[in-house]
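A.B. asks: Chains as they are written, first to last, in the numbering used here: chain A, 1 to 194; chain B, 195 to 356; chain C, 357 to 728.
Pairs of lysine-lysine residues, derived as PhoX-like cross-links and limited to a Cα-Cα distance of at most 20 Å, are as follows:
id: 1; chain 1: B; residue 1: Lys245; chain 2: B; residue 2: Lys313
id: 2; chain 1: B; residue 1: Lys352; chain 2: B; residue 2: Lys279
id: 3; chain 1: B; residue 1: Lys218; chain 2: C; residue 2: Lys408
id: 4; chain 1: B; residue 1: Lys279; chain 2: B; residue 2: Lys349
id: 5; chain 1: B; residue 1: Lys313; chain 2: B; residue 2: Lys235
id: 6; chain 1: B; residue 1: Lys321; chain 2: B; residue 2: Lys245
id: 7; chain 1: B; residue 1: Lys235; chain 2: B; residue 2: Lys312
id: 8; chain 1: C; residue 1: Lys693; chain 2: B; residue 2: Lys201
id: 9; chain 1: B; residue 1: Lys271; chain 2: B; residue 2: Lys352
id: 10; chain 1: B; residue 1: Lys271; chain 2: B; residue 2: Lys349
id: 11; chain 1: B; residue 1: Lys224; chain 2: C; residue 2: Lys408
id: 12; chain 1: C; residue 1: Lys693; chain 2: B; residue 2: Lys200
Read the hints as simulated data drawn from the structure, not as lab findings.
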Amino acid sequence: MSVTSYTIQAVFFYLFSAVIIGSALMVVLLRNIVRSAFALFFTLSGVAGIYILLGADFVGVTQVLIYIGGVLILIVFGVMLTHNVYSVDIFNKLGTLVMGTISAIVTFTIIYYSVKPVNWLFIGFKPDLPTARPIGTQLMGTFLLPFELASILLVLAMVGAAYLIRSEVRGTSQAGAGDPGNEQRQDTAGKKVH
Amino acid sequence: MAGYFKKMFTALNSVLTGMGITIKYGVNPKAEVTQQYPEVKREPPDRFRGKLFVNINICTGCTACARICPVDVITLKTVRDENKKLRPVIFDINNARCIYCGLCVEACPVDNCLYFEKKYEFSAYTKEDLISHFGLGEAQSPGKKAEEKTADVTKEQKEAAQ
Amino acid sequence: MTELISRIVGGLNTPVFLTRFLVTVLIMLVSGAIVLGISLLYEGLATYAERKVAGDIQARIGPNRVGPYGLLQFVADGVKLLLKEDIIPFYADKWLFILAPYIVFTVSFAAFVPLSYSDHIAVANLNVGVLYIIAISSVVSMAILMGAWGSNNKWSLFGGMRAVAQIVSYEIPIVLSLLAAIILPASMNMRDIIVYQGGGLGIFRWLVFNNPFTFLAFFVYFIAAIAEVNRTPFDIPEAESEIVAGYHTEYTGMRFAFFFMAEYGDMFVVSAIATTLFLGGWHLPFIGGISMPLWLRDVLQVAVFFMKVFVLIYLMMWIRWTLPRLRVDQLMELCWKYLTPIAFFNLIGASVWVLLLHGRGIYDIIARIIVH
Numbered sequence: 001m002s003v004t005s006y007t008i009q010a011v012f013f014y015l016f017s018a019v020i021i022g023s024a025l026m027v028v029l030l031r032n033i034v035r036s037a038f039a040l041f042f043t044l045s046g047v048a049g050i051y052i053l054l055g056a057d058f059v060g061v062t063q064v065l066i067y068i069g070g071v072l073i074l075i076v077f078g079v080m081l082t083h084n085v086y087s088v089d090i091f092n093k094l095g096t097l098v099m100g101t102i103s104a105i106v107t108f109t110i111i112y113y114s115v116k117p118v119n120w121l122f123i124g125f126k127p128d129l130p131t132a133r134p135i136g137t138q139l140m141g142t143f144l145l146p147f148e149l150a151s152i153l154l155v156l157a158m159v160g161a162a163y164l165i166r167s168e169v170r171g172t173s174q175a176g177a178g179d180p181g182n183e184q185r186q187d188t189a190g191k192k193v194h
Numbered sequence: 195m196a197g198y199f200k201k202m203f204t205a206l207n208s209v210l211t212g213m214g215i216t217i218k219y220g221v222n223p224k225a226e227v228t229q230q231y232p233e234v235k236r237e238p239p240d241r242f243r244g245k246l247f248v249n250i251n252i253c254t255g256c257t258a259c260a261r262i263c264p265v266d267v268i269t270l271k272t273v274r275d276e277n278k279k280l281r282p283v284i285f286d287i288n289n290a291r292c293i294y295c296g297l298c299v300e301a302c303p304v305d306n307c308l309y310f311e312k313k314y315e316f317s318a319y320t321k322e323d324l325i326s327h328f329g330l331g332e333a334q335s336p337g338k339k340a341e342e343k344t345a346d347v348t349k350e351q352k353e354a355a356q
Numbered sequence: 357m358t359e360l361i362s363r364i365v366g367g368l369n370t371p372v373f374l375t376r377f378l379v380t381v382l383i384m385l386v387s388g389a390i391v392l393g394i395s396l397l398y399e400g401l402a403t404y405a406e407r408k409v410a411g412d413i414q415a416r417i418g419p420n421r422v423g424p425y426g427l428l429q430f431v432a433d434g435v436k437l438l439l440k441e442d443i444i445p446f447y448a449d450k451w452l453f454i455l456a457p458y459i460v461f462t463v464s465f466a467a468f469v470p471l472s473y474s475d476h477i478a479v480a481n482l483n484v485g486v487l488y489i490i491a492i493s494s495v496v497s498m499a500i501l502m503g504a505w506g507s508n509n510k511w512s513l514f515g516g517m518r519a520v521a522q523i524v525s526y527e528i529p530i531v532l533s534l535l536a537a538i539i540l541p542a543s544m545n546m547r548d549i550i551v552y553q554g555g556g557l558g559i560f561r562w563l564v565f566n567n568p569f570t571f572l573a574f575f576v577y578f579i580a581a582i583a584e585v586n587r588t589p590f591d592i593p594e595a596e597s598e599i600v601a602g603y604h605t606e607y608t609g610m611r612f613a614f615f616f617m618a619e620y621g622d623m624f625v626v627s628a629i630a631t632t633l634f635l636g637g638w639h640l641p642f643i644g645g646i647s648m649p650l651w652l653r654d655v656l657q658v659a660v661f662f663m664k665v666f667v668l669i670y671l672m673m674w675i676r677w678t679l680p681r682l683r684v685d686q687l688m689e690l691c692w693k694y695l696t697p698i699a700f701f702n703l704i705g706a707s708v709w710v711l712l713l714h715g716r717g718i719y720d721i722i723a724r725i726i727v728h
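Isolated chain A (complex conformation) (with noise of 0.2 Å):
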């Protein structure tokens, strides 16, 4: 609405994007990994500030809800079950290293040049208007057929998921009859006990 809440607005972006690139150098920097993928934590924080700062309230809580509290977790589980953790070496050989700033150069270039001739329309500062609403609205009218294709993609890993971690099939051992020692068996392979 003035000046000064562009101000705010400036300091608290400038800050959120000094923690998300300082987080993200350290992500990719750091040699120990487990540091590494709690680095990711604030990288993640930060994206939801932007988001918010954009005005994009429900986006930004959903960031954190399922970002940080979902999928971070698992990197992070990941992370700590391996192998190497404490010394990982993060400097290849010369010629992986040659490709690897070429091709970040070239990511950049193509990045910038597509970024900066764009005619940005420059909104101005709006008050904050519930984003809930309208998206709920949209992914069950507009784009409820992703939306579907994307629940059930989601059914499908859970199945899979659950189908790959179960255990051997037990319980179905012939139980003889009147056979003392079946009785045992059957305490810990069913559920009858409790």
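With the hints as your guide, set chains B and C onto chain A.
C.D. replies: Below, chains B and C without anything else, positioned relative to chain A:
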């Protein structure tokens, strides 16, 4: 399937019963059994083993207690007085080391000489303060070291004999 | 908040630009400090209340020596914890070890923000208030993992992983049961939800009495919330006799106090959500119709809100000192096999009810019948 609902109802039932019992204690202010310690002290039972006490006037200085103590708590130094009787000049009990086993009390041949008092509040700031001095030498020359005490008593006995 | 800023800045006659900026920052800091102060005071008194309630239930008196009725016990505890030696294990990961309690406490105190304490008193009236609190609670699991790994202790790691598994699992019944209640006011804004429950003498339009599905949802939410906060009977990750002390084994002094206070803060927050969504928030029971000056109404509403939250907290403490601890597999079984299916069917039932009856609750139906 029936077991599923049955489990839920059993769980709910047991939780609610338990909570009913605890709330009866929770809202009843008379249910408290705490004794406010420094104001209200419990009487120790009859055979309670508190600090050791020796009735030094009837002690015969036989050193049975000092010899039987498994932890060497008792320090006993005796001297013959004018009637050729052994008197305990130094009788120190180290309450810090005592394990309250009661062997010394059983070993003492004199009735009611060495026994457990009912005192249990004798904390001190230094280890030396935990040693009780019962020796007779203490009464005659307070605060002096052991040899001096013995020297004093023997000197007095010699003077009395003369 | 912008009106507040304009009013303050309009009152001063100094150059507007810098003043607005400074005033904005000052207001942010002051409101943060007020929330922090209140939450710290509450947490101290909550530890005292816990010990008193525990004493009452166990037929003994709680602390009663320090200050009148032992009220200053939390001050004594705080001073004691401050003076303790700060031990960081030699092989511990220093950054992670030190950062974990700060994040846990920050998150627990950040969840106080979207709550609306009265008609006009709220720190920030977020449009996604409910979802924000749930999201913030899931950050706690991250910080617990940080602390667990940073302690360089296998038992802390086990405790931390169990705690994370528990928190992540119990988020699902919480979200589902909250959803069953949110479909009625159709908003995640805390204040809107409370305003929806107005009228009806301040009691009868509570969402918990609205339809049998929200009634069930309240209990499912409460049980899942106790598990989310890691309170007995779900405190496997931090219980003293299990797994040493779980993820806060290696923490001493004030660092431990941070974890501890964060637990009480979380208790307040989940009770506040239950009050807001199910128990009518700050609506004055029976005396809401009487006209009274605005400040008195606000004060009474804040008092009613806190009273309801404290009743729920007392309920949590009562449950803690009654029930034995659940084993980890029993805990997970409870969540996945009992609470989640119940919450799902509850949500379906609540949606069907709202669809068929166009959002009318039992009170509305009875009122309509009586009027006709």
